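Chains V and E, in that order, give the protein sequences.
If you read the first sequence in the numbering used here, its first letter stands for residue 1, the second for the next number, and so on.
If you read the second sequence in the numbering used here, its first letter stands for residue 1, the second for the next number, and so on.
One or more of the hints may lead you astray.
What the hints assert, rightly or not - Some chain E residues well away from chain V (every beta-carbon gap over 12 Å; in silico):
hint, residue
1, 243
2, 255
3, 347
Said to hold, decoys possible - In silico DSSO-like pairs for lysine-lysine, Cα to Cα no more than 30 Å straight-line:
hint, chain 1, residue 1, chain 2, residue 2
4, V, 101, E, 112
5, V, 218, E, 203
6, E, 235, E, 92
7, V, 357, E, 112
8, V, 357, E, 92
In short, the hints are calculated from the structure, not lab data.
Just so you know, these numbers come straight off a predicted model, no measurement behind them.
The beta carbon of each residue, even a glycine, is placed where N, CA and C say it ideally should be.
These are the residues of each chain, in order.
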Amino acid sequence: MKKIALSLFVIGSILTSCSSDDDNNTDGIGNNVVVPATYEFTREGNSTVSFGGQTTRIQMSEELISALKDNTQTEPILDGMFAHVEGEADFSDANLNASDKSIRSKTAASEDYFKANTTAANAIKADFDTWIASQASEVFIAWDNDATAGNAGKIQEGGGGSTRYVNAKGLEYNQAVNKALIGALMADQILNNYLSPAVLDAGANRADNDAGIVVDGKAYTTMEHKWDEAYGYLYGNEANPAEPVTNADSFLSKYLFRVEGDADFAGIAEDIYEAFKKGRAAIVEKNYTVRDEQAEILREKISEIIGVRAVYYLQQGKKNLGSDNGSAFHDLSEGFGFIYSLQFTRQPNTTEPYFTKTEVDAFIATLTAGNGFWDITAEQLDTMSNTISAKFNFTTAQAGS
Amino acid sequence: MITGKKNFLAVLITMLIMVACSSSSDDSPSDSGDNFDRGALLVNMADNIIIPAFEDLQTKLSAVDIARGNFINDINQTNLDLLSDAWLEAYKTWQYVEMFNIGKAEERGGDKGFVSFFNIYPLTIEDVQNGAASKNYDLDSSNFHDAQGFPALDFLIHGIANSDTSAIDKFISNTNKEGYISYLTDVVAQMNALNNSFANDWKNNYRDTFVSATGNTVTSSLNKIVNDYIFYYEKGLRANKIGIPAGNFSNAPLADKVEALYKDDVSKALTLEALNAVQDMFNGKQYNGTSTGESFRTYLAFLDRNDIVTLLNSRFDDARQKIEVLDDSFFSQVNTDNTKMTEAFDALQLAVVTLKVDMVNAFDIRLDFVDADGD
């Protein structure tokens, strides 16, 4: 009897210890996740951090958005940059040309959102295809015309500012592509793919990570690598990715920097960096509860970048609407892209974005109704801003300045 | 305060905890850990599903050979149509066999095993035409994996060769007509010989090996058949039949990558057969019969996971509905309304998740592939 009682007690202890790693992390037992000072991880002296494919796609995207502003380019050239094929001379950088990666194949392509929804993914890819094609067919050919309501052309920002090139509705397609990629490529891949248990734990990933089984010829386990690939979509273009300074590309890195610069959101950059480090350290320690907690933090914070900038640009656009349409349309074009990106955000501890594709499509329909930005009103922009802010943990006033 | 005895107990418990926690995942694959009778499941699969399917394919391929003989003895459209009918019957039966890339079937043909000799599409039409012209071809060579089997017959029976105006011209007026007749004969002979060897090996040899390998290691029968089954569903059915033509793995749709391109109006029928084969296998339904036996379904029920059973069967049923609304010709469907193709793909994909995560975890089986799509 005594032995049985002891056995039951021991079994009870085992069950407790195995199933509740999370509870144990704040007290003594099992608190084995030490967050390193920098994003550096090694195995037997070799770095286990790798995200070359992410750096490649960020750099391809940089070349694409530059080319979209060059009216000597043609649609086939732009298409080739978006949907690069290994070996084609689409880019100025030979390394990018040699790569088998492409932007388009990872646009709206996350495991959680699009693996079983290729119908929506195809529609999103088609939006990008259309913006890119229309930049050539509508805007490049009207490069020297003055834009008016219903007519594509150029429009200069007030005070001798930059000249912007817009379509008949006042939209800069290059901004649409640039800011929509932040959602459709970077955020979607990070939040809904690489941070997802469906990817991190796919196949034998967890058993392999538990046993320290590395990928053939590599220093990392598959799970470690997946987490690094998430990291790479934010920090992959940094000079020293282990100690990122942000603002290292024109996509998520830049807008994390911008949001961090708003006093209302200061600290977000550190929160994100810490969560990436802690989650990665948790994988090394095989503590998947802590790992998933960090993933949820990242889902909230990175989604917030997109939400804040969507509201920010709507409010900035509103300020100049009618008085300086060059500036207003530029801001609204950026806002258009960030709003598009909202459908790729992820509410923490759910499988849902902050705004669904249907909701985003309705925002876009409002922005582009009739003559688009030429017709939109300050009231409409405020309504949209408030709808977005209300879903997030900030006010329109906080985001808008 | 703490006595030595308690300390000792604490240390003991801690050690036990460490042992229990650290060994929970790497040791378990060596035995199934539950008391389910895997042997009974394997017997039902072998005797009521796999062997009858291979035998039926033997019958159907014999009929193809007879129709081929009748056709080359008296070359006319009626006999070509009869050959086409026999081809279609065999092709439908093949849909119940393709997932069983195990035993002798996986010995040759590379990663794709015996599928390499039966159903690699799209066909490389040049290899067939050049082969007929030169009479210099080797169906055992990997260069000709994409120039034999059902896709090659599809072209020979229904396709139009260069400079011809109808399918039958290959055998009547084409300058290489003797070559085409030889090629047709050799393709049919290869299919019959290979399938006979698989069917006979199952009956005379492999069946006993299969049903007795009841453990839970990478070489155990259930582990292998689960891997083959899921791989087939994800790659052979979902990707090859629907996803690739719909353009889900490329920058644009690729309508000419459909199965049975030259016959054209049977791609839906073949896909529906394949989905039935997958669902029947899951439910342990006797081949060409109605009774059911031990299966993935009953194993899940044993594990108290009827939720997975219900979910999978409803997802298979949903996918069937999405496929049934498609055009008989997927080539036409892709070109007229590809969205319906991607909707069918999406419905099929939902079951992939249930199979690869839920079912595999319940069985505690390790998948030997992660993503059949590649990056």
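query: What hint numbers does the structure not satisfy?
result: 1, 3, 5, 7, 8
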